[in-house]
Amino acid sequence: MMECRYILGVVAAMGVVTFGLRALPFVAGRWLAKHPLVHKLGAFLPLTIMTLLLLNTVVGAATEHSGGPWMEISAVAVVAVLQWFIRNALLSILLGTCLYAVLRNVMV
Amino acid sequence: MTDANHTTPSPTQPPISALALTAPVAMGYIPLGTVFGFLFVQAGGAWWLAVAASVVVFAGAAQYMMIPMIAAGLSTGTIALATLIVNLRHVFYGLSLLNKLPHRPLLRWYLIFGLTDETYSVLTTLPEGTRASKMVLIAALNQGWWVLGTLLGAVIGAQAKVTLVGLDFALASLFCVLTVEQWRARTSALPLWTALLTYAVAYPLSPAHAMVTAIALSVATAIVVHRMKEGEKS
Chain L
1 MMECRYILGV VAAMGVVTFG LRALPFVAGR WLAKHPLVHK LGAFLPLTIM
51 TLLLLNTVVG AATEHSGGPW MEISAVAVVA VLQWFIRNAL LSILLGTCLY
101 AVLRNVMV
Chain F
1 MTDANHTTPS PTQPPISALA LTAPVAMGYI PLGTVFGFLF VQAGGAWWLA
51 VAASVVVFAG AAQYMMIPMI AAGLSTGTIA LATLIVNLRH VFYGLSLLNK
101 LPHRPLLRWY LIFGLTDETY SVLTTLPEGT RASKMVLIAA LNQGWWVLGT
151 LLGAVIGAQA KVTLVGLDFA LASLFCVLTV EQWRARTSAL PLWTALLTYA
201 VAYPLSPAHA MVTAIALSVA TAIVVHRMKE GEKS
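One line per chain: the protein sequences are L and F, in this order.
Its first residue numbered 1, the first sequence is counted upward by one per residue in our numbering.
Its first residue numbered 1, the second sequence is counted upward by one per residue in our numbering.
It should be emphasised that the hints constitute simulated quantities derived from the structure, not laboratory data.
Don't take every hint at face value.
What the hints assert, rightly or not - Below are the PhoX-like pairs computed for lysine-lysine, each with C-alpha atoms no more than 25 angstroms apart in a straight line:
no.	chain 1	residue 1	chain 2	residue 2
1	F	K100	F	K134
2	L	K34	F	K134
3	L	K34	F	K233
4	L	K40	F	K134
5	L	K40	F	K161
6	L	K34	F	K229
7	L	K34	F	K100
Computed from a prediction, not measured in an experiment: that's the story for all the values here.
Starting from the given sequences, assemble the full structure and let the hints guide the process.
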């Protein structure tokens, strides 16, 4: 069983960080909006960070077992294709995750 | 995560009720909240802590990410930094809603607190002059669906002790969905290539710090690209 006080501390810290990020434009919006660099970063960083998060998670999963990264690559490809064409996040996530769980439990 | 975009009301139609506006979000939030609650309890957390996370944090990707991190006992500071990275995109959401949110402090701050990807996309489709109470109701309903799903998943997870490897891939799938949606909204392919290249540079240096290093390199790249374009103009 994980320690309760530790998790409560983590939850509180995550809550503060998330709220701070969501509140920042409303507190410093006029200042932020004045700077062209902020707009540039706003157009640039979300796609970069999301791609990095995806890469990092997939690489992390692939290094957990010795079977090579083909299971991760197939599952991500399925999610990406479903999301691009059908655009139903729930369907993409559930099918991709189920495919991966089946591959991991059957193949390794 | 984007189903809400399809409910754009046209000005000639009567206003759509808050409940109807959040229905597409509910169809995503209840099952995804269930998966979160389930994985959280399966990892060894108490059911009420899963619910507390959905009430206090209310950020899907960050909550999925926290499960392996707390299971590994990482420091609070490390998890806070990871949350900062995962949720950084929210800074840029608010900029487009500055003049749209209500001015009464309590309503305003709750809406800001509840500004998830989905609530943001519903709010941006509302016509001008929508009442503050309706906007708050939409945000509260969305959080209600998320908390309800979490509770369901936590209860199911506490009963069933299946140890199925690979269910935590839900996080990778969620990041993949969000990447596809960011790609759809892109103005150039450069941010994607920057991510791939900086990660390829950062990973061999230190696999454990690849994420933070790659983000630092990406921010530097974005600034250099910005300066170069400024230079071309002048």
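Now the hints, each set against the structure:
Simply put, F:K100 and F:K134 have alpha-carbon atoms about 13 angstroms apart, close enough for the 25 angstroms limit, and the pair holds. Of the pairs offered as hints, the one joining L:K34 and F:K134 is violated, with about 31 angstroms between alpha carbons and a cut-off of 25 angstroms exceeded. Distance check on the hinted pair: L:K34 and F:K233 sit about 18 angstroms apart at the alpha-carbon level, within 25 angstroms; holds. Of the supplied pair hints, the one linking L:K40 and F:K134 is violated, its CA atoms being roughly 33 angstroms apart against a limit of 25 angstroms.
With a C-alpha separation of about 48 angstroms, the suggested pair L:K40 and F:K161 falls outside the 25 angstroms cut-off, and the hint is violated. The suggested pairing of L:K34 with F:K229 holds, with an alpha-carbon distance near 18 angstroms, which does not exceed 25 angstroms. Under the criterion of a C-alpha separation no larger than 25 angstroms, the hint pairing L:K34 with F:K100 is consistent with the structure, at around 19 angstroms.
In this structure, the hints that do not hold are numbers 2, 4 and 5, in rising order.
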